[in-house]
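Listed below, chain by chain, are the residues.
Protein chains: 4
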Amino acid sequence: MVQKMKLAYIGGGSTAWAWKLMSDLACDETISGEVLLYDIDMEAAKRNEKIGNLSGKGRFVYKAVPTLPEALKGADFVIISILPGGLDCMESDVHYPEKYGIYQSVGDTTGPGGIVRAIRTIPMYVEFAQAIEKYAPNAWVINYTNPMSMCTDTLYRVFPKIKAFGCCHEVFGTQRLLASMLKEVKGLENVQRNEIKVNVKGINHFTWIDSAFYKDIDLLPLYEQFAVKHYEGIDNNDFDEDDSCRMYSFKHRIKFDLFLRYHKIAAAGDRHLAEFCPGQWYLDNPDVVKQWGFGLTTVPARREEYQERYENAMAVINGTREFHPEESGEEGVHQMKALMGMGDLVTNVNLPNQGQVSDLPLGRIVETNAHFTSGKITPVIAGELGGVPHAMTIRVSDNFDQVVTSCLKDDLSGCLSAFQNDQLVTRISHGQAEEMFMAMLKNTEAYLGSYKKIW
Amino acid sequence: MVQKMKLAYIGGGSTAWAWKLMSDLACDETISGEVLLYDIDMEAAKRNEKIGNLSGKGRFVYKAVPTLPEALKGADFVIISILPGGLDCMESDVHYPEKYGIYQSVGDTTGPGGIVRAIRTIPMYVEFAQAIEKYAPNAWVINYTNPMSMCTDTLYRVFPKIKAFGCCHEVFGTQRLLASMLKEVKGLENVQRNEIKVNVKGINHFTWIDSAFYKDIDLLPLYEQFAVKHYEGIDNNDFDEDDSCRMYSFKHRIKFDLFLRYHKIAAAGDRHLAEFCPGQWYLDNPDVVKQWGFGLTTVPARREEYQERYENAMAVINGTREFHPEESGEEGVHQMKALMGMGDLVTNVNLPNQGQVSDLPLGRIVETNAHFTSGKITPVIAGELGGVPHAMTIRVSDNFDQVVTSCLKDDLSGCLSAFQNDQLVTRISHGQAEEMFMAMLKNTEAYLGSYKKIW
Amino acid sequence: MVQKMKLAYIGGGSTAWAWKLMSDLACDETISGEVLLYDIDMEAAKRNEKIGNLSGKGRFVYKAVPTLPEALKGADFVIISILPGGLDCMESDVHYPEKYGIYQSVGDTTGPGGIVRAIRTIPMYVEFAQAIEKYAPNAWVINYTNPMSMCTDTLYRVFPKIKAFGCCHEVFGTQRLLASMLKEVKGLENVQRNEIKVNVKGINHFTWIDSAFYKDIDLLPLYEQFAVKHYEGIDNNDFDEDDSCRMYSFKHRIKFDLFLRYHKIAAAGDRHLAEFCPGQWYLDNPDVVKQWGFGLTTVPARREEYQERYENAMAVINGTREFHPEESGEEGVHQMKALMGMGDLVTNVNLPNQGQVSDLPLGRIVETNAHFTSGKITPVIAGELGGVPHAMTIRVSDNFDQVVTSCLKDDLSGCLSAFQNDQLVTRISHGQAEEMFMAMLKNTEAYLGSYKKIW
Amino acid sequence: MVQKMKLAYIGGGSTAWAWKLMSDLACDETISGEVLLYDIDMEAAKRNEKIGNLSGKGRFVYKAVPTLPEALKGADFVIISILPGGLDCMESDVHYPEKYGIYQSVGDTTGPGGIVRAIRTIPMYVEFAQAIEKYAPNAWVINYTNPMSMCTDTLYRVFPKIKAFGCCHEVFGTQRLLASMLKEVKGLENVQRNEIKVNVKGINHFTWIDSAFYKDIDLLPLYEQFAVKHYEGIDNNDFDEDDSCRMYSFKHRIKFDLFLRYHKIAAAGDRHLAEFCPGQWYLDNPDVVKQWGFGLTTVPARREEYQERYENAMAVINGTREFHPEESGEEGVHQMKALMGMGDLVTNVNLPNQGQVSDLPLGRIVETNAHFTSGKITPVIAGELGGVPHAMTIRVSDNFDQVVTSCLKDDLSGCLSAFQNDQLVTRISHGQAEEMFMAMLKNTEAYLGSYKKIW
Ligand SMILES: [Mg+2]
Ligand SMILES: [Mg+2]
Ligand SMILES: [Mg+2]
Ligand SMILES: [Mg+2]
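Protein chains in written order, with our numbering: chain A, 1 to 455; chain B, 1 to 455; chain C, 1 to 455; chain D, 1 to 455.
None of these hints come from the bench; they were simulated from the model.
Heads up, a few of these hints could be off.
A pair holds if it fits inside one copy or across any two, identical chains being indistinguishable in the list.
Said to hold, decoys possible - With a Cα cut of at most 25 angstroms, we get these calculated DMTMM-like pairs of lysine to aspartate or glutamate:
1. 99 - 287
2. 46 - 70
3. 57 - 445
4. 453 - 127
5. 161 - 410
6. 215 - 91
7. 290 - 434
8. 409 - 224
9. 337 - 195
10. 290 - 322
11. 183 - 344
12. 376 - 189
13. 163 - 34
As the structure is a computational prediction, the values presented were derived from the model and not from experiment.
Required output: the full structure, derived from the provided sequences and hints.
Given below as structure tokens:
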């Protein structure tokens with residue numbers, strides 16, 4: 001029996017997450033249905049409609065629709081993956097702070113770039129939440145957009161009964177690192193990343209593992225030796241976010257450094273981890289970055305990458321290239337199947353804190369494992385962060401909370417307070433931070449129409 | 001590859017749980033090892049040694065040992081299932097209160113019988129915990145003994161780092177009831193009980209289900225109709241605890257009655273549920289019990305049953321009967337395998353509350369689902385009980401807490417306070433309750449040697 | 001300088017609390033202002049207008065007004081003391097359950113009477129809260145009406161920013177008992193009740209004292225001896241609620257009995273304490289009541305008392321009797337002065353739990369000390385109840401919570417669930433309790449117009 | 001009647017706090033007793049013995065004793081005010097970090113100086129706590145030593161039942177500022193600082209006021225205007241800590257700046273507040289410090305001040321100067337009297353968090369108001385910090401927690417982790433911070449004998 005389902009895809013013109021999803025839907029023989037693609041760039045959605053309908057064996061029908069209600073009505077699942085403001089905004093987010101000596105390796109989650117990105121994204125998420133409440137209140141909602149915590153938080157604040165969760169693959173990379181460690185240390189080949197059982201907790205892109213096992217092997221003692229041995233970094237990197245180029249690469253040095261300090265495994269790519277620490281530690285300047293073995297992902301490089309994907313899409317549409325769906329390694333399809341009763345799953349996911357992280361405030365969006373089963377996602381009790389990891393995490397979580405609260409009240413000066421207290425921004429004075437903030441707002445003002453202008 | 005393991009069985013002369021375990025170990029081809037049987041009745045342990053070594057194909061070697069340290073040293077798992085004080089004590093626990101018009105359907109968990117049973121069991125568990133701390137501090141400890149909550153609590157209070165959990169199959173019976181409902185209502189055959197996905201919470205033998213799904217079917221609306229339709233009770237009972245006789249039977253009337261009042265599924269056999277409610281509701285007198293469609297399990301009947309099992313054991317040992325191991329439906333072996341990395345499992349289990357039940361105090365032994373995986377058990381966030389179920393549950397949990405605290409301080413008058421506040425005992429006056437308490441202590445004083453005598 | 005203030009009095013025709021207030025306002029030379037009397041019985045309000053204007057030296061002007069908005073506009077303080085449904089309803093509340101063998105000594109707080117009284121009072125409090133939000137959102141609101149917890153809870157649920165608190169003098173009686181103990185034991189004369197410093201916690205009419213000092217004398221060890229010595233009861237009762245007749249009298253036997261069981265001082269009159277315990281303990285039948293040394297306050301006796309007060313009022317109005325204001329011993333005026341910056345005060349008061357009682361749920365109305373100062377009331381951290389007192393208290397608090405929630409949703413069957421679980425009601429079966437509940441609703445249906453009729 | 005009392009003074013050779021206490025004891029006619037002075041500098045204690053016995057009218061007898069047990073036995077109150085390691089250590093704490101561009105205005109609470117000071121103080125406090133447990137377990141213990149939070153925390157960790165609290169006058173200065181505002185804005189003369197009623201919360205030297213009233217005047221709206229008007233700073237400073245010289249002066253600019261950002265009144269001297277903020281805000285370099293209108297308190301200046309006090313002491317002893325006791329404005333004597341039943345007091349104090357600050361972890365030492373009464377101190381519910389003040393505070397509190405935990409485990413590398421995450425230290429790299437830490441330990445190693453040497 002093939003299970004029928006209806007998906008709404010907000011940001012349906014995406015060339016990254018949408019393609020992964022189309023691949024995964026094409027590869028799974030047990031499900032079928034309809035995917036409605038909504039995007040402010042209708043042309044992009046139409047391209048994906050064509051590609052989607054070329055993929056698979058017709059079990060899924062793809063359709064680009066011009067409005068959000070058309071996409072949402074009757075949906076069992078809603079997926080949100082948008083690029084809020086496009087690469088021009090991202091250029092300001094990531095590179096403008098460099099004028100003040102502030103370097104960002106990603107710039108979409110925290111730091112000055114993450115906060116300004118949140119400010120323009122939150123009004124969009126207010127609209128999504130309101131539309132979901134109106135047109136698909138019982139749908140499961142999967143968010144992939146960054147800044148993950150603040151986007152997901154906005155959904156819950158606007159529509160508290162929303163059944164939303166946020167997904168990210170960064171922990172998978174750490175599981176892969178542990179699998180590769182087992183190969184090196186124990187000669188174990190072909191350990192799958194989801195055979196590495198971890199207890200994970202924190203906030204998206206800054207999560208910590210305090211228990212890791214492969215079968216009956218306790219991985220933490222092995223990891224300690226591994227971190228010491230490879231403290232200078234590992235070159236041949238198993239994990240590439242977005243199956244892509246060197247600009248995403250890193251040598252796990254930050255991960256090892258954090259482990260040796262705090263005795264917990266930081267579970268995200270080094271590019272993300274660096275941004276959650278005081279700026280002077282790993283992002284002090286490009287030389288320091290280099291020394292820690294990772295790269296700053298530039299927006300010009302992202303533009304090139306985007307152009308490649310666009311050309312690839314056109315080639316598929318024009319029939320000059322074939323689309324060979326392969327499993328992406330992402331878990332969205334497994335999660336949806338679990339929720340429909342097609343096999344339980346325990347995996348890491350972003351949800352409001354109901355106590356799964358005991359030393360972060362209730363209600364904050366946190367990332368831990370959760371049990372996906374028929375009709376329900378239940379987070380597991382992951383315990384406390386403790387110590388300096390707690391101190392670093394709650395500071396960022398407090399800032400996120402302040403940003404979301406302030407945006408929802410249209411109080412951008414409240415956002416400024418959080419911005420000035422950001423771990424990358426405190427290297428400059430209040431006055432300089434304010435000047436930078438105003439300039440960054442001005443650079444991206446095309447997307448700030450819903451706010452009182454303070455810049 | 002066959003995984004090796006070493007088990008210590010405290011109460012290894014048991015004819016109930018021990019046989020189920022031997023069967024399950026015999027049936028599973030992927031594991032092997034050693035089972036050390038310790039029992040104060042060494043003869044009984046020796047009988048099980050013989051039966052165990054006759055069962056299976058020799059993958060497991062059984063050995064009765066005369067001391068606890070011999071059993072525990074090197075154990076990966078410790079199983080505790082004892083009958084504290086034997087059937088003579090149980091006779092007093094269950095039937096003595098009848099003199100005061102207090103009827104108990106089980107008498108081993110709560111009520112006057114449950115409390116007095118706890119009083120004599122707690123000193124035994126103090127010894128077990130101390131021995132485990134000394135001889136097997138890293139072992140996983142599975143408790144099957146009642147009163148479950150108080151036994152497990154004692155283990156944690158004495159040795160806070162113990163890796164103990166308590167197991168009970170009462171929720172399984174409710175899952176089976178839901179499966180049989182699916183057959184009746186939807187014509188679905190062969191739904192397995194573990195395909196019924198439930199969110200369960202409460203304390204052992206008084207747990208509540210507020211979410212139940214089979215694949216994509218929400219079972220709560222169906223159950224409401226089912227409870228109304230079968231309000232007078234269901235005769236042909238799918239569930240028989242201990243695959244046994246009518247004395248354990250019930251018609252689910254109490255379960256239906258509680259559902260119609262509180263809109264949550266009470267998830268235990270009616271005999272247990274009745275004892276957690278004010279005595280006048282379902283246990284007012286034998287006529288009321290009959291009217292609610294369940295039976296009072298008498299100790300004479302238990303004696304007969306025990307005799308049958310004993311004869312059965314002798315027959316197996318003498319070779320006049322064969323032991324055909326069959327899977328028991330219990331989950332102990334699955335749980336142990338999960339902990340060794342042989343397949344994850346999410347199931348209900350008794351653990352100290354770390355927030356999995358949001359409206360019971362932290363530290364109390366609660367029953368919810370937990371994720372069993374390599375090297376770790378993590379409870380899931382089951383949420384709040386709320387309303388009258390909360391009021392009923394916390395009253396009992398408070399009483400349990402008071403009993404354990406008082407016993408550990410050798411303060412039996414503190415136990416008396418809890419006893420007088422028990423939901424079955426409040427039908428009599430303080431003075432009568434005290435008189436009854438003292439008599440029940442006297443009846444069982446052979447096992448109360450570690451306490452200052454107040455009776 | 002005399003401080004000006006404006007008071008609104010809801011229930012301004014009252015002959016009990018209103019007269020105390022008029023006396024206290026008349027006695028205090030430092031304040032002046034206006035008192036607006038609102039009552040559904042406008043004649044009664046007019047009588048109090050006359051008496052009020054005869055009292056004092058004209059510093060306060062009294063005025064009966066026909067509508068709530070007229071009373072509230074511009075008020076600095078709002079006082080609510082009503083008799084919801086009058087003595088006819090109370091007759092049913094208190095005496096109808098006697099048909100089922102359920103005796104109540106007060107019947108206005110908990111027990112079947114307290115719950116049915118709550119059901120008819122909550123809609124009135126919804127109106128009060130809405131009117132206060134509209135007409136006097138910044139006023140301090142003092143509630144004297146029972147059931148205290150449920151009335152105050154309703155105010156906060158309807159208007160969460162209300163600055164309301166509930167006052168009751170029952171703890172004062174316990175302080176007076178401790179003062180009389182000091183006289184007896186230490187020969188100390190003239191110890192004032194507010195010199196007895198207590199740490200108090202619980203819910204209204206069922207509060208517990210775990211620390212009591214007079215200057216540097218620790219009173220708990222003395223109280224233990226005192227309780228033992230006077231276990232049979234104290235005849236010459238220092239404390240008479242409402243300076244009134246024997247029908248309110250008691251011998252503190254229950255107070256002593258509870259202390260010897262739980263080692264905390266129960267801090268309310270025995271008539272109230274009895275109702276929070278399982279019915280069979282102190283209220284089993286009139287003989288048991290007598291044996292415990294207290295009386296059942298009958299409604300016929302209340303009628304007589306009311307008639308006396310009415311005649312007294314008429315005599316004052318007609319000039320045949322003079323009104324000699326004397327300080328009542330209540331604290332309302334002191335509290336209002338403290339809030340206006342005229343002297344700090346620490347006293348017991350009913351407020352939503354923000355953690356002042358650590359083992360009751362947040363948000364529940366609890367009674368502890370609080371610091372009254374300029375512009376602010378801040379509860380103190382009173383700690384945990386613990387043990388059996390906790391078990392008894394939370395059961396009642398849960399029931400209250402269920403009643404308020406159900407009434408606000410117009411779900412009287414939810415109230416029935418709580419009613420059936422009440423500590424006085426569990427002596428009868430579900431079915432009998434339902435029958436009794438329906439009859440009690442019917443008896444008082446004149447005040448249940450806002451509910452769907454289920455009786 | 002004059003109340004008798006016995007005090008033990010640890011650090012009894014002090015020329016600052018001890019003199020204030022002697023003055024206050026001399027001024028109060030209602031108390032008498034004995035003060036035992038213990039100090040590692042016995043000569044200093046002897047000087048204070050002489051001065052003490054010259055002060056007052058002989059109601060108090062002072063005696064220097066050579067051992068801690070002699071001081072403690074029979075004490076009703078224990079006062080601890082020590083200078084851990086003396087001014088030589090303080091020279092390293094405060095000035096060594098300047099080599100790394102890190103400036104500290106006080107250097108005794110947080111920042112690199114505060115942490116290293118804690119490291120050498122904690123072992124001393126372990127001894128004090130053990131001795132108090134042994135010799136004076138029921139005494140009230142008042143701590144004045146900095147770092148306040150970590151000293152007080154150590155007392156509670158070593159002897160959990162200790163009745164200790166920590167006192168500091170920084171909030172008083174803010175009350176005085178509010179009083180002077182009332183003079184300027186409202187023309188109110190002679191408002192006393194304790195007539196300014198504040199709700200205060202946070203950690204010592206970084207507390208926040210969210211409610212402030214004088215009689216019925218709400219001070220927060222006035223303060224907003226006041227902060228705007230005086231944003232450049234107030235010259236004529238009403239508040240001088242230690243009645244002393246310009247090196248302690250400040251213009252309240254930081255206080256005003258923080259208020260305008262966070263809408264709560266930061267309630268400590270600017271010199272303290274600055275150290276809790278990211279270093280680049282107010283302490284970036286000496287020019288920035290000047291611009292914010294406060295001074296860096298240098299250790300050479302402290303030496304001069306100490307010398308003056310020493311000469312003063314000798315003059316009193318030699319009879320060339322008279323000792324005229326005047327009330328110090330401190331509250332120690334009032335607090336002790338309140339605890340003996342000589343008048344209630346509500347004031348700010350440092351205690352383990354039992355929920356008085358709702359968004360800091362339980363158990364952490366926090367500063368809020370508390371009710372001092374006969375035999376008991378009860379903190380009031382001060383509520384949440386919220387927003388950026390919370391983010392800044394919890395970061396520091398987490399670091400303090402980590403330092404105390406690590407010192408008690410003799411794990412100075414755990415302290416290093418906290419040190420590197422300190423808000424003043426994050427301006428330098430991990431490596432530089434480690435180098436600085438080791439040097440600072442080396443500079444003060446004479447007091448680090450109880451630790452494994454890692455420097
Ligand atoms: Mg991500
Ligand atoms: Mg069971
Ligand atoms: Mg009352
Ligand atoms: Mg200070």
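Against the structure, the hints come out as follows:
| no. | hint | result |
| --- | --- | --- |
| 1 | 99 - 287 | both (16 angstroms within a copy, 23 angstroms between copies) |
| 2 | 46 - 70 | within (15 angstroms within a copy, 64 angstroms between copies) |
| 3 | 57 - 445 | neither (44 angstroms within a copy, 67 angstroms between copies) |
| 4 | 453 - 127 | within (20 angstroms within a copy, 42 angstroms between copies) |
| 5 | 161 - 410 | both (23 angstroms within a copy, 22 angstroms between copies) |
| 6 | 215 - 91 | neither (45 angstroms within a copy, 46 angstroms between copies) |
| 7 | 290 - 434 | between (29 angstroms within a copy, 21 angstroms between copies) |
| 8 | 409 - 224 | between (46 angstroms within a copy, 21 angstroms between copies) |
| 9 | 337 - 195 | both (19 angstroms within a copy, 14 angstroms between copies) |
| 10 | 290 - 322 | neither (38 angstroms within a copy, 69 angstroms between copies) |
| 11 | 183 - 344 | between (28 angstroms within a copy, 22 angstroms between copies) |
| 12 | 376 - 189 | between (35 angstroms within a copy, 24 angstroms between copies) |
| 13 | 163 - 34 | within (20 angstroms within a copy, 47 angstroms between copies) |
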